[in-house]
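> Given chain A's structure and the hints, the job is docking chain B onto it.
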Amino acid sequence: MGETLLPQVIINGVTLGTNYILMALGFTLIFGVLRIVNFAHGEFYMLGAFFVLTAIIKFEVNYLLAAIIAVIAIGLLGYLTEEVIFRRFRDKELEGMIIALGLSILLQNLGLVAWGPYDLSIPPVFTGVLKIGTLFYPLERLMVVLLSFLLMAGFYLFLKKTKLGLAIQAIAQDTEIARVQGMRINRLYPLAFAIGTGLAAAAGAVIGPLFQLNPWMGIMPQVKAFIVVILGGIGSIPGAFLGGLILGVAESFVSTYASKALADLLGFILVIGILLFRPSGLFGRSQLSR
Amino acid sequence: MITGRGWKAFGVYLLVVVFCGMGQAWGQDVLKLGVIAPLSGTGAGWGLALRAGAELASDDTNAKGGLEVAGKKYKISVIPYDDKYQGQAAADAANRLIFMDKVKFIIGPMGSAAGLAAQEITEVNKVLFVGNSFTTKFLGAKKLYSFRTTMTMAEFSLPMLKYLKEKYPNAKRMAILGPNDETGYEVTGFNLKAHEAVGHEIVFRDYFERGTVDFMPILNKVFALKPDVLNLDGSNPGDCGLIVKQARQMGYKGMIIKVGGPGTPEMLKVAGKDFMEGFIYYSPINPDDPKIQEITKKYNAKFPPPMNGFTPQFYDGTLWLFEAIKKAGTLTDTEKVKAALEGLSFNGVYTGAMSWTGKADYGIDHQVKFPFYVMVVKDGKEVVLGKVTP
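Protein sequence lines, in the order shown, are assigned to chains A and B.
Numbered as in my numbering, the first sequence ends at 366 without a single skipped number.
Numbered as in my numbering, the second sequence ends at 583 without a single skipped number.
In isolation and in its complexed conformation, chain B is listed as follows:
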């Protein structure tokens, strides 16, 4: 039974809600941009990089007065949800964004399981999903509303390993160590094919649970097989840092490479510069580029450093989506925005010329392609070894 005091409290609550709603209605019109990313747990480093990219792109657009769509300026409001790098949490986040927040555009997620789960909801509801999910299954001829604005192993594994084969022809015996999940299997699959295609011999491959801290037993086995190169595959930065540290402590003198997602600044924090010396890795950005230093400054002012290489990619991916919305001239008709995005090449602020590809590999041109860097750590600094165009 609600008492008189209860009704009064309810009335005050109602007034506050209505007042807040009116505030929004009287203010600038808003474009809600959903973000689904791992903001906690082992994938948080990558997830926060994704959110930062989307937020910085939105901040910069808002600073120019908002996004102009059909002659009207819209302020962009980012609504982030944590998927914990898990499928169920990503599906929950997609449901909340679509049915409660009424969002039509979502940036994210990072993980393969999360991407596939959330996609079940976004595709049916014709919500544009611009993400990174590494699995090949994320894109397909029937997945009309999903786009990927970061490159995966399918795009950079073979070109990178070809480059390394030319530069280090004597490095022939490969050991691959990757995470024991959907992302890990996909990444290892591409790396295996690419290693074999360039003539490398695979002497070892195994998977470990993300979050493992003691790699010495498994490294023991790896080094008994005397590999020339240890490829850290799709392992996340913290795990990679520990593997590098423990491998060097065990006296391993061979090459350590990472043909997988970026995260060297985080690895340097864990392993230290001495153990990281000579580490070779894929990078979508050149940290010495003045433009990258500019976004790094913006990032450091708003988020805890270090900035991950994914942030500039998601920054550009988000702006690309904004351009498509602007071109389509609608915030609600996702069919039109999808068509506009498909027909739009984009000169990314940080990643350069970006275009769509993927028909041959995925059955749909919803995969981005741009030149990338092969980097090496020298005296604790990230140095460009070469630039590769896939």
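Bound conformation, chain A alone:
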């Protein structure tokens, strides 16, 4: 092992990081706006991936169309979930968290009934490996990174440049003032939840072809998203971006130069460190606009 390994370690870390960021964006958005720690976020990710699989296998839809339909459908499901379930728990963090945990178990078991317990996989969308010197980079991973950056850029522009995005930031900063300004809170809350779950579905659709699908596939990404969000600062979009990259690259380094078991511990060590020395995370708290 030596310096030839280093570029591969960094590339693997960035790939891992983009996966984490994609998961963390919707999670942090939902917390920033609704103050709900959505522990069912991983299950919306799972539903997104399974939706794509079903659309491709059963209805022979092409991957891109399947992914778009999955994002819209799961976004809609998120909208209804907020309207029917979370509406009563807005600004009630503890109750909302418990409901989210229950929803997570419910969705996992619905997944079990619908798709069974065995690992399934989405047919490969991009095949082949990019080889540069000693570096190996599967094209499907390159596409995941590119699609992830596109999604992140789109989400950032949506928040910064559209009226709806600005309105969502406004209610995240101060709901009462936003209400006084005439914003329709009862429309914006479910919409923010729908965008958050749509982002989780997008993550599932984009990352799904890389890994195996099963009803529990959302658990680990959910844990990682939680770590990333605490690291970056709950409710902070730039924080999620930086937190995801830090965690991905750090895990890649520790996995390669120390051990995988230690890499899995690393996220939790980082969280304990952050909570001890900078409890608000790297980018403060609930700062969607910054």
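Bear in mind the hints are in silico, worked out from the structure with no lab data behind them.
Where is the CB? At the ideal position from N, CA and C, for every residue including glycine.
Please note that a few of the clues may not be correct.
[As the list claims (entries may be wrong)] Taking lysine-lysine and the PhoX-like style, the derived pairs with C-alpha atoms no more than 25 Å apart in a straight line are: (1) K490/B with K134/A; (2) K134/A with K495/B; (3) K268/B with K295/B; (4) K134/A with K562/B; (5) K335/B with K562/B; (6) K207/A with K419/B.
[Claimed, not checked] Now the stretches of chain B that chain A is said to cover, found in silico as 3 or more residues with beta-carbon under 8 Å: (7) 394-403; (8) 451-463.
[To be verified] Covered stretches of chain B, going by a simulated chain A footprint (3 or more residues, C-beta under 8 Å): (9) 407-420; (10) 425-438.
Just chain B now, with coordinates in the frame of chain A:
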């Protein structure tokens, strides 16, 4: 305060319960068979294979009119509980089976932690526990009521690696990647000893959390050490499929083997046939055997495919237990059934001649032994490389 309407509702409920109970009493007598297995979570593929084996064996016995014990035919009713591959859930399941369902015989579980936890309850209550738990601690001189009807690494690791050493003498540098839990440590322990015994050099070993999806960072490190062989150890099929896929994507051209629990059809689904080409693994069954195809058909008619290699083993293990119950002539005296099972060799429908061994390794002859297969994937199909008798 219960109102008049409340009392009426209670009365109707009571009538329904009594009626249902009478229905059962008037019908055929029932032998309750408990099943503890991971029916959800990462070990579900194996757990469902266990349940399927027990249920198919029970279905076939019921189709013949039931199990004849002391001149009376009993219909077998399988009561399955999910242990989620966790110790606490397995202990809860054992408690429910023994104290609520009044079960005397349990098939399962799969995981080491689950097996050890449930065993704390079954042993004290003298309930026969016929399972697969991979840990060596599952069997012991003082664990009188626990039997294992599947083979573990202790039985097949060394014979399989000896076979591979003879067939591929130039494959010397080994990397081992296994799951970070009780099962993983046990499996790796046996594989390490066996690799060393046949003269392999271990260049790498590490553990990962089950459910990990991105193995590229760890594989990066593995391949920098230039191993001839990557042994996937006790990793579950989904994780193995991903490791194979990502290893081949990274340009690894060496051998990939699995000296651990079966699950190649599931791996093929995840990794695809191109990446799986040349994958070598342990299998308790030969999928081309017409008998195995027969049980595969039965399995596919009742459960979602693909069938895991554990199903025929648990089918035979369950029938073996039924034979012992029949021979003992009792459904309640587990001492007698235990003695009958200990003294019974069994010609398994699918796994062939099965006998008890284990005194030297575990201090008790409660471990099954039968010939197994070393298989290889060729063009997406499972092909027999050799048959090994341990």
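> Please name the hints from earlier in the document that this structure breaks, with their numbers sorted from lowest to highest.
Those not satisfied come down to hint 4.
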